[in-house]
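Read top to bottom, the protein sequences are chains L and A.
Under my numbering, the first residue of the first sequence carries the number 1, and numbering increases by one thereafter.
Under my numbering, the first residue of the second sequence carries the number 194, and numbering increases by one thereafter.
To be clear, the hints were calculated from the coordinates, so they are not data collected in a lab.
Careful, some of the hints might be misleading.
DSS-like, lysine-lysine: derived pairs with alpha carbons at most 30 Å apart [as the list claims (entries may be wrong)]:
| # | chain 1 | residue 1 | chain 2 | residue 2 |
| --- | --- | --- | --- | --- |
| 1 | L | Lys17 | A | Lys304 |
| 2 | A | Lys304 | L | Lys181 |
| 3 | A | Lys354 | L | Lys185 |
| 4 | A | Lys424 | L | Lys181 |
| 5 | L | Lys81 | A | Lys354 |
| 6 | L | Lys37 | A | Lys354 |
| 7 | L | Lys185 | A | Lys304 |
| 8 | L | Lys81 | A | Lys304 |
| 9 | A | Lys200 | L | Lys81 |
| 10 | L | Lys37 | A | Lys363 |
| 11 | L | Lys64 | A | Lys304 |
| 12 | L | Lys81 | L | Lys143 |
| 13 | A | Lys200 | L | Lys48 |
| 14 | A | Lys304 | L | Lys176 |
| 15 | A | Lys424 | L | Lys136 |
| 16 | L | Lys81 | A | Lys424 |
| 17 | A | Lys424 | L | Lys143 |
| 18 | L | Lys136 | A | Lys242 |
| 19 | L | Lys176 | A | Lys242 |
| 20 | A | Lys424 | L | Lys48 |
| 21 | A | Lys354 | A | Lys424 |
| 22 | A | Lys304 | L | Lys187 |
| 23 | A | Lys242 | L | Lys187 |
| 24 | A | Lys242 | L | Lys81 |
| 25 | A | Lys242 | L | Lys64 |
It should be emphasised that the depicted structure is a prediction, and the values quoted were computed from it without experimental measurement.
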Amino acid sequence: MIEIKLPVSEEDIRKLKVGDEVAISGVMITARDAAHKYMVEQEAGEVKDIIKDGMLYHCGPIVKKDDQGWHFVAAGPTTSKSEEPYEAAVTARYKLRGVIGKGGMGEQTLAACREHGAVYLHAIGGLAVILARSVKRVPAVHKLEEFGVPEAMWVIEVESFPAVVTMDSHGNSLHKEVLQKSTEKAKAISETL
Amino acid sequence: MNPEELKEHLLELIRLAACDLAPDVERALTQARDHEEGRARSTLDWMLKNAAEARESSTPICQDTGSLIFYVDHGRDIRPGIFMQAAREAAARATELSYLRPNAVDPITGKNSGNNVGRGSPYFHFNEVDDGKSLKVRLMLKGGGSENCGVQYTLPDASIKAGRDLSGVKRCILDAALRAQGFGCAPGVLGVGIGGDRMTSYMESKEQFFRKLDDHNPDSMLAELEDEMLKKVCELEIGPMGFGGRTTLLGVKVGIRHRLPACYFVSVSYTCWAYRRRSLEIVNGQAGYA
């Protein structure tokens, strides 16, 4: 398990390879469709210092509020491919070092990871309780009213958040590899059906 | 049964479905874990650990608590209108208690209703049965990520060389699994509906998810088809979460409906490994959950 502390340098991120298991600690934000659209169309001043040399988490959590503030109850990753039209631009503009999600992303994001020194980290889908427990604090939330709970930008402090590098900054993608191999096998099986 | 009491039972049903993975699903995941190695094994291990912690702390297994789909078999004395009202109130209360994420979004304005109640949400399917007072409620929480992996084929489909026959159907199932990769949170289950019209074909595919994973299709042809396609799809080695490995699916379940001479639909629905469905039966005022 490789420990990653946020913010993280480009040099450290470039050392990561597809298949590496990591444990992430530090402050990041959640972002899905509405947040990505916002970050591309406007200057997201409220989060830009957090995500510079930092990470985004594709997640729409279940939260709870009490006297102490917000808490994450269940918070696994959501499907990342809906952010493919935005992620390369967000990575370049805000100097991201990584995005965490599930299902992997496409060629544009892979190219952006290579060019700017970033990685795609895969969290296990449905691991909502364990991942929520790695969220130690929720210091702030942005756009809650406008975007709703799942789409808001939640600022979270995580400790030993587990993930696997499935797209690295050297042009490798586990998703591309599995897709290619399974497509070849499907072709062969299909002939026998 | 008074509506308040019914609401409490439905709230418990929602909590169970969201937080307590059904035993047949957990068994299938455990068996899969024991046959895997490397990252596939550790991924399944994490899933099992998460399911155990969710159960222990009454916390949703997955934050996407999906759409609420109620199938209700009821006697004459249970009125659908009263049931729906109780279920809507239970869903709203379950959202307040963080058993459910607010998951009903207006598609035009983008506004989240905040409590899982909205147009067509929850979804209800009523079936009146002969005896007077009994009530059986089946609830599925169908996640959205895996819902995006569903596909409906219109045969013949030249792109996958699928004709209007059993071989064509098999090609549809294989293609759907290939397209799904790990996106639906593999290892999931494929529900397949063959025949019907566009609506009932999809419905048939969804209704398969109420079956137990280890059941046996009473139609021997379909049972054979299920076994064969589960084996063949696993040979794609997409694996848990699409990381590679043998366990690409936990099951394939198939149902058929008579079709129109002009139409031949094959609908494939995908449900994730966090395969959440539970049932409630009330007989003579006594509630039992399964």
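Each hint tested on the structure:
Among the hinted pairs, Lys17 of chain L with Lys304 of chain A is inconsistent with the structure: their alpha-carbon atoms are about 40 Å apart, more than 30 Å. This hinted pair does not check out: Lys304 of chain A and Lys181 of chain L have alpha carbons roughly 41 Å apart, beyond 30 Å. Restraint check for Lys354 of chain A and Lys185 of chain L: satisfied, since their Cα atoms lie roughly 16 Å apart, inside the 30 Å limit. Between the alpha carbons of Lys424 of chain A and Lys181 of chain L the distance comes to roughly 17 Å, so the proposed pair stays at or under 30 Å and holds.
Distance check on the hinted pair: Lys81 of chain L and Lys354 of chain A sit about 28 Å apart at the alpha-carbon level, within 30 Å; holds. For the proposed pair Lys37 of chain L and Lys354 of chain A, the alpha carbon gap of about 39 Å is over 30 Å, so the pair is violated. Distance restraint check for Lys185 of chain L and Lys304 of chain A: the Cα-Cα separation of roughly 43 Å exceeds the 30 Å cut-off, and the hinted pair is therefore not satisfied. A hinted pair counts as satisfied when its Cα atoms are at most 30 Å apart, and Lys81 of chain L with Lys304 of chain A qualifies at roughly 22 Å.
Under the criterion of a C-alpha separation no larger than 30 Å, the hint pairing Lys200 of chain A with Lys81 of chain L is inconsistent with the structure, at around 38 Å. Annotation: proposed proximity of Lys37 of chain L to Lys363 of chain A is violated, straight-line Cα distance about 40 Å (limit 30 Å). With a CA separation close to 20 Å, the supplied pair Lys64 of chain L and Lys304 of chain A stays within the 30 Å bound. Restraint check: the Cα-Cα separation between Lys81 of chain L and Lys143 of chain L comes to about 22 Å, which is no more than 30 Å; the hinted pair holds.
This hinted pair does not check out: Lys200 of chain A and Lys48 of chain L have alpha carbons roughly 45 Å apart, beyond 30 Å. Among the hinted pairs, Lys304 of chain A with Lys176 of chain L is inconsistent with the structure: their alpha-carbon atoms are about 35 Å apart, more than 30 Å. At most 30 Å may separate the alpha-carbon atoms for a hinted pair to count; Lys424 of chain A and Lys136 of chain L exceed this at roughly 42 Å. Distance restraint check for Lys81 of chain L and Lys424 of chain A: the Cα-Cα separation of roughly 28 Å lies within the 30 Å cut-off, and the hinted pair is therefore satisfied.
Proximity of Lys424 of chain A to Lys143 of chain L is assessed by CA-CA distance (about 47 Å); at most 30 Å being required, the pair is judged violated. Note on Lys136 of chain L and Lys242 of chain A: the hinted pairing holds, with a Cα-Cα distance of about 19 Å set against a maximum of 30 Å. For the hint linking Lys176 of chain L to Lys242 of chain A, the alpha-carbon distance of about 28 Å falls within 30 Å, and the restraint holds. Note on Lys424 of chain A and Lys48 of chain L: the hinted pairing is violated, with a Cα-Cα distance of about 48 Å set against a maximum of 30 Å.
Using a Cα cut-off of 30 Å, the hinted pair Lys354 of chain A and Lys424 of chain A holds, with the two alpha carbons roughly 21 Å apart. Proposed proximity of Lys304 of chain A and Lys187 of chain L is contradicted: the alpha carbons are some 43 Å apart, above 30 Å. This hinted pair does not check out: Lys242 of chain A and Lys187 of chain L have alpha carbons roughly 36 Å apart, beyond 30 Å. With a CA separation close to 27 Å, the supplied pair Lys242 of chain A and Lys81 of chain L stays within the 30 Å bound.
Simply put, Lys242 of chain A and Lys64 of chain L have alpha-carbon atoms about 22 Å apart, close enough for the 30 Å limit, and the pair holds.
Checked against the numbered hints above, the structure violates hints 1, 2, 6, 7, 9, 10, 13, 14, 15, 17, 20, 22, 23; every other hint is satisfied.
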